[in-house]
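Protein chains: 2
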Amino acid sequence: MAARGNLFIVSAPSGAGKSSLLSALLKDAPADMQVSVSHTTRSPRPGEVDGQHYHFVSIEQFKALIADEAFFEWAEVFGNFYGTSRRVIEDTLARGIDVFLDIDWQGAQQVKALMPEAIGVFILPPSKAELERRLTGRGQDSSEVIAARMAQAVSEMSHYDEYDFIIVNDEFEQALADLRVIIGSQRLTRASQCHTHNDMLDDLLAD
Amino acid sequence: MAARGNLFIVSAPSGAGKSSLLSALLKDAPADMQVSVSHTTRSPRPGEVDGQHYHFVSIEQFKALIADEAFFEWAEVFGNFYGTSRRVIEDTLARGIDVFLDIDWQGAQQVKALMPEAIGVFILPPSKAELERRLTGRGQDSSEVIAARMAQAVSEMSHYDEYDFIIVNDEFEQALADLRVIIGSQRLTRASQCHTHNDMLDDLLAD
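Chains as they are written, first to last, in our numbering: chain A, 9 to 215; chain B, 9 to 215.
Hint data in this document are derived by calculation from the structure and do not stem from the laboratory. The model shown is predicted, which means the values in this text are computed figures rather than measured ones. Hints are supplied without guarantee of correctness; some may be wrong.
Claimed, not checked - Derived DMTMM-like pairs (lysine to aspartate or glutamate); straight-line CA-CA distance at most 20 Å:
(1) K136(A) / D99(B)
(2) K120(B) / D99(B)
(3) K136(B) / D207(A)
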């Protein structure tokens with residue numbers, strides 16, 4: 009029996025390096041991993057591509073999707089709506105592909121309620137000072153937005169204890185290695201291995 | 009705050025390759041890992057060294073240790089007694105060293121009851137036919153002992169679902185890599201990271 013993919017919830021405050029880590033993880037387009045492309049009502053940032061970084065929709069479209077129960081989870085974050093399509097997730101997992109949900113703690117709680125076996129990974133900066141440096145150094149946003157992001161970051165980080173794994177992103181390559189170890193370990197859990205090796209286990213345990 | 013070591017329970021039927029895997033894992037004497045040296049009443053096999061593979065004791069000595077509550081867990085397996093010293097385990101974990109308990113399912117149940125955070129790893133052969141080949145191929149024992157070990161193996165394997173992780177030891181280097189991934193992942197759990205980074209988390213979450 010083929011393996012079933014694992015669903016990973018990856019959350020972090022802005023500036024922790026979550027997007028960079030997920031990009032690095034998936035840059036060689038591995039066949040067994042995908043980031044879920046969320047729907048959002050916020051405007052694209054420079055360089056973002058519709059359908060690749062997000063599905064950019066209007067607020068009206070988003071609310072229609074909620075009414076259709078199209079979302080596995082959705083939340084309003086910092087004034088914008090974000091949501092994850094249910095059908096795409098289920099189909100992808102069934103094909104043995106690990107799926108990564110790049111969502112905030114609100115979305116994480118909804119996903120965990122619907123799918124307790126989802127694995128939460130929280131990425132933290134190595135210190136508050138470093139977080140401030142990284143948020144200031146982005147160069148894309150005004151100082152008011154940065155101050156607001158700092159407050160949002162502290163709020164997001166207060167939920168770290170709702171996650172199964174924590175990565176401290178101090179040195180990038182180490183954090184990436186940590187992420188790979190977490191992903192690999194989840195293919196070795198009893199539940200995952202029992203699914204993958206169902207027939208073999210029957211053979212082993214037969215008299 | 010320094011990390012606390014994780015306690016791993018490693019079980020397997022005879023012939024699954026557990027001893028070889030643990031030896032390979034620890035052959036470079038890593039500072040942060042140790043196999044717990046159990047006490048046993050069985051006779052040493054060729055090449056086994058007292059104090060290194062086991063503490064070989066008499067049945068009377070073993071029973072006295074039980075009475076002294078010296079054991080974290082103990083069990084009778086295949087006619088011999090095996091036990092793990094409590095004090096050594098606790099001291100080693102406190103020093104940030106991962107400890108591996110090479111014990112059977114009975115010992116595993118006792119350890120899990122005393123320390124639910126202990127991580128169970130079960131090692132399986134890739135098939136029943138392969139298991140039989142490996143048991144026959146050992147060359148150390150009589151055919152009656154091998155038949156009895158086969159029955160014992162099936163009995164041990166029936167407890168695989170009491171473990172947190174399963175490694176199928178088909179190709180040795182892959183199984184060793186799997187074991188390393190499991191070990192590494194457990195240093196990244198919320199509980200482990202909260203212990204390791206306690207002060208940093210206070211700093212991050214302070215207003």
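How the hints compare with the structure:
Taken as a hint, the K136(A) and D99(B) pair is broken in the structure, with Cα atoms around 34 Å apart against an allowance of 20 Å. For the suggested pair K120(B) and D99(B), the alpha carbons sit about 18 Å apart, so the restraint of at most 20 Å is met. This hinted pair checks out: K136(B) and D207(A) have alpha carbons roughly 12 Å apart, not beyond 20 Å.
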